[in-house]
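Chains as they are written, first to last, in full-length UniProt numbering: chain A, 1 to 278; chain B, 1 to 434; chain C, 1 to 349.
Hints are computed from structural coordinates only; laboratory data are not their basis.
A couple of the hints might just be wrong.
[Claimed, not checked] Covered stretches of chain B, as calculated for chain C (at least 3 residues, CB under 8 Å):
{"no.": "1", "region": "45-51"}
{"no.": "2", "region": "163-174"}
[Unchecked claim] Residues of chain C clear of chain A, computed beta-carbon distances all greater than 12 Å:
{"no.": "3", "residue": "Q89"}
{"no.": "4", "residue": "D117"}
{"no.": "5", "residue": "I129"}
{"no.": "6", "residue": "I132"}
{"no.": "7", "residue": "V189"}
[To be verified] Derived PhoX-like pairs (lysine-lysine); straight-line CA-CA distance at most 25 Å:
{"no.": "8", "chain 1": "C", "residue 1": "K254", "chain 2": "B", "residue 2": "K429"}
{"no.": "9", "chain 1": "B", "residue 1": "K120", "chain 2": "B", "residue 2": "K186"}
{"no.": "10", "chain 1": "B", "residue 1": "K51", "chain 2": "B", "residue 2": "K63"}
{"no.": "11", "chain 1": "B", "residue 1": "K222", "chain 2": "B", "residue 2": "K365"}
{"no.": "12", "chain 1": "B", "residue 1": "K156", "chain 2": "B", "residue 2": "K139"}
{"no.": "13", "chain 1": "B", "residue 1": "K407", "chain 2": "C", "residue 2": "K309"}
{"no.": "14", "chain 1": "A", "residue 1": "K135", "chain 2": "B", "residue 2": "K324"}
{"no.": "15", "chain 1": "B", "residue 1": "K63", "chain 2": "B", "residue 2": "K117"}
{"no.": "16", "chain 1": "B", "residue 1": "K326", "chain 2": "B", "residue 2": "K166"}
{"no.": "17", "chain 1": "A", "residue 1": "K135", "chain 2": "B", "residue 2": "K365"}
{"no.": "18", "chain 1": "B", "residue 1": "K347", "chain 2": "B", "residue 2": "K326"}
{"no.": "19", "chain 1": "B", "residue 1": "K117", "chain 2": "B", "residue 2": "K247"}
{"no.": "20", "chain 1": "C", "residue 1": "K309", "chain 2": "A", "residue 2": "K13"}
{"no.": "21", "chain 1": "B", "residue 1": "K247", "chain 2": "B", "residue 2": "K365"}
{"no.": "22", "chain 1": "B", "residue 1": "K186", "chain 2": "B", "residue 2": "K139"}
{"no.": "23", "chain 1": "A", "residue 1": "K135", "chain 2": "B", "residue 2": "K326"}
{"no.": "24", "chain 1": "B", "residue 1": "K59", "chain 2": "B", "residue 2": "K156"}
{"no.": "25", "chain 1": "B", "residue 1": "K412", "chain 2": "C", "residue 2": "K309"}
{"no.": "26", "chain 1": "B", "residue 1": "K156", "chain 2": "B", "residue 2": "K407"}
{"no.": "27", "chain 1": "B", "residue 1": "K348", "chain 2": "B", "residue 2": "K131"}
{"no.": "28", "chain 1": "B", "residue 1": "K117", "chain 2": "B", "residue 2": "K324"}
{"no.": "29", "chain 1": "B", "residue 1": "K400", "chain 2": "B", "residue 2": "K227"}
{"no.": "30", "chain 1": "B", "residue 1": "K307", "chain 2": "B", "residue 2": "K331"}
{"no.": "31", "chain 1": "C", "residue 1": "K254", "chain 2": "B", "residue 2": "K188"}
{"no.": "32", "chain 1": "B", "residue 1": "K186", "chain 2": "C", "residue 2": "K254"}
{"no.": "33", "chain 1": "C", "residue 1": "K254", "chain 2": "B", "residue 2": "K400"}
{"no.": "34", "chain 1": "B", "residue 1": "K365", "chain 2": "B", "residue 2": "K291"}
{"no.": "35", "chain 1": "B", "residue 1": "K400", "chain 2": "B", "residue 2": "K139"}
Backbone N, C-alpha and C define an ideal beta-carbon position, used for all residues, glycine too.
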Amino acid sequence: MIGKESTAGRAAKFTFLGLWLVFTVFPLYWITITSLKAPGDIFAFPIAYWPENFSLENYSGLFGKADFGVYLTNSLIIATVAGAVATVISMLSAYVLARFEFRTKSALLMAALVTQMIPTFIALGPLYLLMTDLKMVDNRLGLILVYIAVCIPFCTVMLRGFFENIPDALEEAAMIDGLSRFGALFRVLLPVMRPGIVAAFIFNFVNCWNELFLSVTLMNSDSNKTVPTALNGFISSFNIDWGSMSAAAVLTILPTMLLFAFASRHIVQGLTAGAVKG
Amino acid sequence: MRRRTAALALGTAATMVLTGCSSMSGSGADGTVTLNMVESLTNPARTDLLKGLIADFEKQNPKIDVNLVSPPTEQADQKIQQMLQSGSGVDTLEVRDTTVGPWSNNGWIYDMKTDLKSWKGWEAMTENAVKASEDADGKTYFVPYGFYGLSVFYRKDLIEEAGFSKPPATWDELLEQASAIHDPGKRKYGYAFRGGANAQGNATAVIEAYVADEIDTADGFKLKNGKTIFSAPEALDAMQTYLKLFKDASPKSSVSWGYPEMVEGFSNGSTAFLLQDPEVIATVSESKSIKKDQWSTAPLVAGPSGKTVQPLATAGWGVADGSKHKAEAVKLVEFLSEGEASTSFTKKNSLVPILKSAAEDPFYKTGPWSSYVTMTENPDTYLNVSQPRGVAWWTEWQQKADADIQKMVLGKTTPKALLAGWDTYWTEKRQQEN
Amino acid sequence: MSTASEATDPTNPTDPTGPKKAAKDTKATTATKTGAAGNGGAPPVRKVQQGRRKPEFTARRGFLIAVFMAPAAIFVAVFTYYPMIAGSQMAFRHWNLSDLTDTSWVGLQNFHDVFADPAWGTVLGNTGIWVIGSIVPQLVIGFALALWLRRRFPFRGLYQALVFFPWAISGFLIGILFRWMFNSEFGVVNDLLQKAGLINEPVAWLADPDTAMFAVLVANVWYGVTFFTIMILAALQSIPEELYEASALDGAGKVRTLFQITIPYIRVTLALTVLLRIIWIFNFPDLIFGMTGGGPNNETHIVTTWMIKITQQGDYGRASALGLVIVAGLLLFAVFFLLATREKREVRS
């Protein structure tokens, strides 16, 4: 243990932590308060930091005129399925990249890094044509397939870190017991890797949940829209509906925020396992 | 236990995914046709309205299903272009005067001329509407659903408080009244300036008002003597007044205000004047911040000559060239362009109507609508001028002009330099064209 | 952080050395202690294993690699690389949506147009400000938070849960959120500053190019600190406590410990997190688009928002050319960055 912190140091530390907490949480507080004001009060002056009348009008409007429930369900299904499938596929590729040496390995890793550099916009047009040919436009499965592809590179390199930190001996022992490599992967390694898998899934889920441009491009029907598309729709050609938008924003943030809050320990723990390497 | 729950959840999700992908366009086994209809000026209220009209259409045509596609406005054009480029997925779609040029040029939209030859709907339409349905080559790529034109939205209570008895009739009066009301410290602003997207629309409206006596009615950017309107000395007066309106009477942030922000500025009660399309009437009527007796509209403000130019814009419904069900798609266009459907669309979406019957409709004679009637009834004061909105370089022009206006209000260029630049731009483009 | 550190491997796939080499011995002897904290005890074992493993090129092995790699490779090839390559041919053609009747081959004309654009200088400068102005505060604050969160204190778990959430929000939504707060007429930022007596009249934050850039950076710092905190925190937890004890015995001060133990130990992770973040921030038009749309007067555009603007004008040829320039630029940067880190590593070992 390093020497005890001085009182001044402690004070400085907690002051900073406190200020950062306020800075981080305030925008969330503000959007929530805005969403709970009656639509007419949002532009009242002076600005109210605690509304006199709380109103759920903005929320009821969302579920009334726009099918926000449908959008939430779509996003939930798409992000969950795409996130989970991408995690499983990435585990396979990550395993190979962690356990074997082969000539194309560095090329594959570079290819994964390059995917992070491609601006989405360059690929939108051809992707739309491709999906049209596959009859996958305006189709949840289609969007899921694309999202899986979006998640895989990052997820693979992330999971590879975890595999590298699990001793070979573990699965070798399992294979001596007669399990195949595939069996070994799932029976023996999975339980050990749980925090890492949770962290990887959460990253995937959040990415898919928040994605806008691909979703706008590939989804047509109202019944297939995802939350970010709907949110974007509130900046309509008529006016910026700050009330509905704040309410929609709160509903959009909540699921991922709760997920992050509950899993923050997992994430750090999971990543710790992966980060130990030079 | 956890594993089983997870498996169950995944299974359920997968089932929902697979059952959820049945909205493809095409013909069903029983001969039912599914049409995809795409709108571009999307907003939630209008989407609801369209859904209602579509339901009526489907009731009348039990063999046709319509799937309405409503992309967010900001991404709409890009998305529609992608759909059109792919050659499938669109049957009926919203076509605007600014998009009809490039889209027809690319062969993406269908000339409905022959299909609509025997259509009875034409007789009920106003002359303007019939005219707008044909392009320069006499082809019908869309049937207009209504017109957009500018009028002045103003706050009755605020101008009274400032000591004025009636709304402004000229740009100078507008500047005077707006400056008198403007008081940033109290969050009260005079004028909802358009500095952001499509800033050029309002800027050219001022210029046209100032050169109204000399303007070429066939081409709103030309004078009768063939030069551009930007070269006229009056144009400089116009721009200077307009710049003053920004400096003395507009909120600072309006440098970047586009359509939504301007409308928001007026309907949240902070800004006294707004120059906008009639469709804003519907939005402002729903405002929770200002009551019905606090605002009204006045005809578009005039230049020094007392005349002004009404820049009419339009949009309508058309059919995609790639559609496999053109007959049904045209049928939908017809349905939306006549009778009850059209009346209800123009009223609820507040547009200048396309049907003659509106002239007798009391709805348009009262309240905020009366100024539009005034303008229509006095074509000598409110000149009807065609804008060159169909030219191939229109988008490029918009982007350039918008950027120039922002430069001007930020003090990075002068009205004089701006106008000289615009004059050169249009003169050169026109020369290249010939 | 694992992803970033993994990403280095292209240039250095098997190099088992690193800053940790020096610490390896200490680590191996204390593996049991640190191992208790999680899987942290594994590396020493791996290092031994790696030396022993021999490349065995058998058909079975090749088959296994192919089968395991196939799903990922197919997905990425079909849905990411194919559209990108198909899209990039537009960069060499006249491809303007306002007139698609002529899509002839124009060679490098589009690239020329990108660089000849008078706004290009501003856009490039803004991109620099955007990347550096975001990454430096994110790194510094993220590092500080990670150092402090490493030690237990009451309600640490709750604190983490609360300050980590910005990462879960989409860039576009953050743009909206901060646009609302920085609204000059009804924004809470102006109101608070006025109440504090710092300003006399409302500032039109998003109307002036300089303040708009500042506002956008504030939003991005708010968003991005979390990622650094998480990654650095994870890396810090891998530093064996013994190193700190030894350092304390030497009588090293806090600052010295930071620069002689902590930073060198996690240097690679740190550098690679920075690299990945630079790529991401560069490729992150969402926030700026939601907040300023690149305005006013196009002065908050970065390269990627500029590209979106060009697509909106319909010039897909030029936009694709710009897209290729972006990929090439980032690739070049990444290679240099990775080479630089590797060289230093070799010097160390």
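We went through each hint and held it up to the structure:
| no. | hint | in the structure |
| --- | --- | --- |
| 1 | 45-51 | violated (count 0) |
| 2 | 163-174 | violated (count 0) |
| 3 | Q89 | 9 Å, violated |
| 4 | D117 | 17 Å, holds |
| 5 | I129 | 19 Å, holds |
| 6 | I132 | 18 Å, holds |
| 7 | V189 | 10 Å, violated |
| 8 | C:K254 x B:K429 | 68 Å, violated |
| 9 | B:K120 x B:K186 | 56 Å, violated |
| 10 | B:K51 x B:K63 | 17 Å, holds |
| 11 | B:K222 x B:K365 | 34 Å, violated |
| 12 | B:K156 x B:K139 | 45 Å, violated |
| 13 | B:K407 x C:K309 | 18 Å, holds |
| 14 | A:K135 x B:K324 | 16 Å, holds |
| 15 | B:K63 x B:K117 | 24 Å, holds |
| 16 | B:K326 x B:K166 | 52 Å, violated |
| 17 | A:K135 x B:K365 | 51 Å, violated |
| 18 | B:K347 x B:K326 | 28 Å, violated |
| 19 | B:K117 x B:K247 | 53 Å, violated |
| 20 | C:K309 x A:K13 | 44 Å, violated |
| 21 | B:K247 x B:K365 | 36 Å, violated |
| 22 | B:K186 x B:K139 | 54 Å, violated |
| 23 | A:K135 x B:K326 | 21 Å, holds |
| 24 | B:K59 x B:K156 | 45 Å, violated |
| 25 | B:K412 x C:K309 | 22 Å, holds |
| 26 | B:K156 x B:K407 | 33 Å, violated |
| 27 | B:K348 x B:K131 | 24 Å, holds |
| 28 | B:K117 x B:K324 | 21 Å, holds |
| 29 | B:K400 x B:K227 | 20 Å, holds |
| 30 | B:K307 x B:K331 | 41 Å, violated |
| 31 | C:K254 x B:K188 | 55 Å, violated |
| 32 | B:K186 x C:K254 | 52 Å, violated |
| 33 | C:K254 x B:K400 | 56 Å, violated |
| 34 | B:K365 x B:K291 | 20 Å, holds |
| 35 | B:K400 x B:K139 | 30 Å, violated |
The earlier numbered hints that this structure contradicts are 1, 2, 3, 7, 8, 9, 11, 12, 16, 17, 18, 19, 20, 21, 22, 24, 26, 30, 31, 32, 33, 35.
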